[in-house]
Amino acid sequence: MTNSQTKTSVVNVQDLHFSYPDGHVALRGIAFQLCQGDKVALVGPNGAGKSTLMLHLNGILDGRGEVEVGGMRLTRDNLPVIRAMVGLVFQNPDDQLFSPTVFEDVAFGPLHMGLPEEEVLARVDSALEAVRMSTYRDRLSHHLSVGEKKRIAIATVLSMDPKILILDEPTAGLDPRARRTLINLLRELPITMLVSTHDMAMVKQLFPRTIVMDDGRIVADGKTMDILEDEKLLTEHGLEKP
Amino acid sequence: MHSDAFDRYHHGHSAVHNLDPRVKVLVTIAYIVSNALLPDGAWIAFVLAYAFLLIANLLSGLGLGFTLRRSFVALPFALIAITVLFSIPGDPIAEFKFLMWNFVVTDAGFLRFVSIVIRSWLSVQMAILLVSATEFPKIIHALNHLRVPTIITVIISFLYRYLFVLADEVMRMLRARQARSAATAGIRSGGSLIWRAQIAGHMAGQLFLRSYERSDRIYNAMLSRGYKGELMTIHPHHFHKSDLMIGAFSILLFLFLQIAGRL
Numbered sequence: 001m002t003n004s005q006t007k008t009s010v011v012n013v014q015d016l017h018f019s020y021p022d023g024h025v026a027l028r029g030i031a032f033q034l035c036q037g038d039k040v041a042l043v044g045p046n047g048a049g050k051s052t053l054m055l056h057l058n059g060i061l062d063g064r065g066e067v068e069v070g071g072m073r074l075t076r077d078n079l080p081v082i083r084a085m086v087g088l089v090f091q092n093p094d095d096q097l098f099s100p101t102v103f104e105d106v107a108f109g110p111l112h113m114g115l116p117e118e119e120v121l122a123r124v125d126s127a128l129e130a131v132r133m134s135t136y137r138d139r140l141s142h143h144l145s146v147g148e149k150k151r152i153a154i155a156t157v158l159s160m161d162p163k164i165l166i167l168d169e170p171t172a173g174l175d176p177r178a179r180r181t182l183i184n185l186l187r188e189l190p191i192t193m194l195v196s197t198h199d200m201a202m203v204k205q206l207f208p209r210t211i212v213m214d215d216g217r218i219v220a221d222g223k224t225m226d227i228l229e230d231e232k233l234l235t236e237h238g239l240e241k242p
Numbered sequence: 243m244h245s246d247a248f249d250r251y252h253h254g255h256s257a258v259h260n261l262d263p264r265v266k267v268l269v270t271i272a273y274i275v276s277n278a279l280l281p282d283g284a285w286i287a288f289v290l291a292y293a294f295l296l297i298a299n300l301l302s303g304l305g306l307g308f309t310l311r312r313s314f315v316a317l318p319f320a321l322i323a324i325t326v327l328f329s330i331p332g333d334p335i336a337e338f339k340f341l342m343w344n345f346v347v348t349d350a351g352f353l354r355f356v357s358i359v360i361r362s363w364l365s366v367q368m369a370i371l372l373v374s375a376t377e378f379p380k381i382i383h384a385l386n387h388l389r390v391p392t393i394i395t396v397i398i399s400f401l402y403r404y405l406f407v408l409a410d411e412v413m414r415m416l417r418a419r420q421a422r423s424a425a426t427a428g429i430r431s432g433g434s435l436i437w438r439a440q441i442a443g444h445m446a447g448q449l450f451l452r453s454y455e456r457s458d459r460i461y462n463a464m465l466s467r468g469y470k471g472e473l474m475t476i477h478p479h480h481f482h483k484s485d486l487m488i489g490a491f492s493i494l495l496f497l498f499l500q501i502a503g504r505l
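So the protein lines, in turn, are chains V and X. Reminder that position 193 of the first sequence reads as 193 in the numbering used here, one-by-one numbering, no gaps. So the mapping is simple: the numbering used here equals the position in the second sequence, first residue as 1, plus 242.
Hints may be right or wrong, so weigh each one.
Computed footprint of chain V on chain X; a stretch qualifies when at least three of its residues, placed anywhere within it, have a C-beta under 8 Å from a C-beta of chain V [as the list claims (entries may be wrong)]:
1) 289-296
2) 410-417
3) 484-498
Quick look at which bits of chain V chain X covers, simulated, 3 or more residues with Cβ under 8 Å [what the hints assert, rightly or not]:
4) 34-40
5) 95-105
6) 120-132
These are computed hints drawn from the structure, not numbers from a lab. Note that the structure is predicted; figures quoted are calculated from it, not measured. C-beta: ideal position from N, C-alpha, C; glycine also.
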């Protein structure tokens, strides 16, 4: 990894706080930066605030503090433009795939953006190509296996040509082969990504940088190698060395 | 984050909360029947019935205006009765023209309309109080004791149980759509109205498919734990003398209302 100072910042979060309406405090002053091409793992125990943080990066949740995407400060007015830059893939692909066929789901984003028809078709094809699912174009989403659904879910945001991909537990519930395929896919995608996961083996293989969250705070942010060697840190925050 | 917008139960330890659920269900039904039987324009009886409701509100510890605030949501349904304004013969009191029809509001029609709205309004409030001061399983259990067919109580309890699951699913689906509802600078985004309606239709269809499949899985899980068509509960009711007194007193009061309404 080259010095991140020289690269363009894609996501910049400063002092982000958020509480759910029931009073549960989920984020207590989050600050971090992602640069172009960074592939970063976000780890931490259940309930640490990982998903809540991710939902802030394209303005689904709106906490106190600053979120900057692609150099633009996230406000109500530029939400749609920011959503085109941030590809958010939810943990449960069934939530993400709400259309009857794979094609319609992958086309949803580009169609919503008002792109011309040829462009939409081209984007759907290249997104499906990128996740190696071109032959699934006309399949019915609810007949697919979990691994296939996960890859289609990634295609549904790739078709929007995002600047950053945000994935919530992409390998959860996959069989070893589907997991391997997905890891290879993530490795090949030439795009900035932030991936929340409990899969520490994948973290070790795939991500040069790791952010550790616990109880709404970032408790460590650095080279994955260093973090995985710090056994005290790992035990303290309910993690395990792969 | 979960949607519990439908759960109307308010925890408490008031006299109304602690009343035997069977008595509460019976009194609520009796109250509703009594309201329905009151003749048009029985103002004194309406006022007395409202007083009964207010006292119940007060005793429940939820506040005097509690059910009133929540009842407005049901009021539009009572407006279906608007046709009686024109359809009951009587002396005309107002007249207006709508397209090619002439509508004549009669005094008898007006009286009946107002009476219907008051009746349904009072009844809805009592039902609101019942579900606010009684835990849902207790209502179901009371219905079982009152010999409501099992199939109906089972359907109601499953409806209630999975309504929340379904609402959560809807919320997550809407959120996923929101996350991809993007725009490019300079191009009109959002697609056509018809396209958006189509997407909403797809979502509803997906939801139906998944609920259908889920119901299969749930039923299998029930069977594998020995389900034989009846949900068993251990939920003993302790019937106190005071429960009987309150129940009997309420029913007597409703009889008195009927007499007062016909004087």
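(message) Under 8 Å between beta-carbons, do enough residues of the stretch 34-40 of chain V, three at least, approach chain X for the coverage claim to hold?
(response) Not satisfied, violated; 0 residues make the cut.
(message) When I compare C-beta atoms, does the stretch 410-417 of chain X have three or more residues closer than 8 Å to chain V?
(response) Result for this restraint: holds, n = 4.
(message) Using a Cβ cutoff of 8 Å, are there at least 3 residues of the stretch 484-498 of chain X near chain V, or does the coverage claim fail?
(response) Result for this restraint: violated, n = 0.
(request) Examine the stretch 95-105 of chain V: at least three residues should have C-beta closer than 8 Å to a C-beta of chain X. (result) Holds: 7 residues of the stretch 95-105 of chain V have a Cβ under 8 Å from chain X.
(request) Quick one: see if chain V covers the stretch 289-296 of chain X, three-plus residues with Cβ-Cβ under 8 Å. (result) violated (count 0)
(message) At least three residues with a C-beta closer than 8 Å to a C-beta of chain X: is that true for the stretch 120-132 of chain V?
(response) violated (count 0)
Checked against the numbered hints above, the structure violates hints 1, 3, 4 and 6; every other hint is satisfied.
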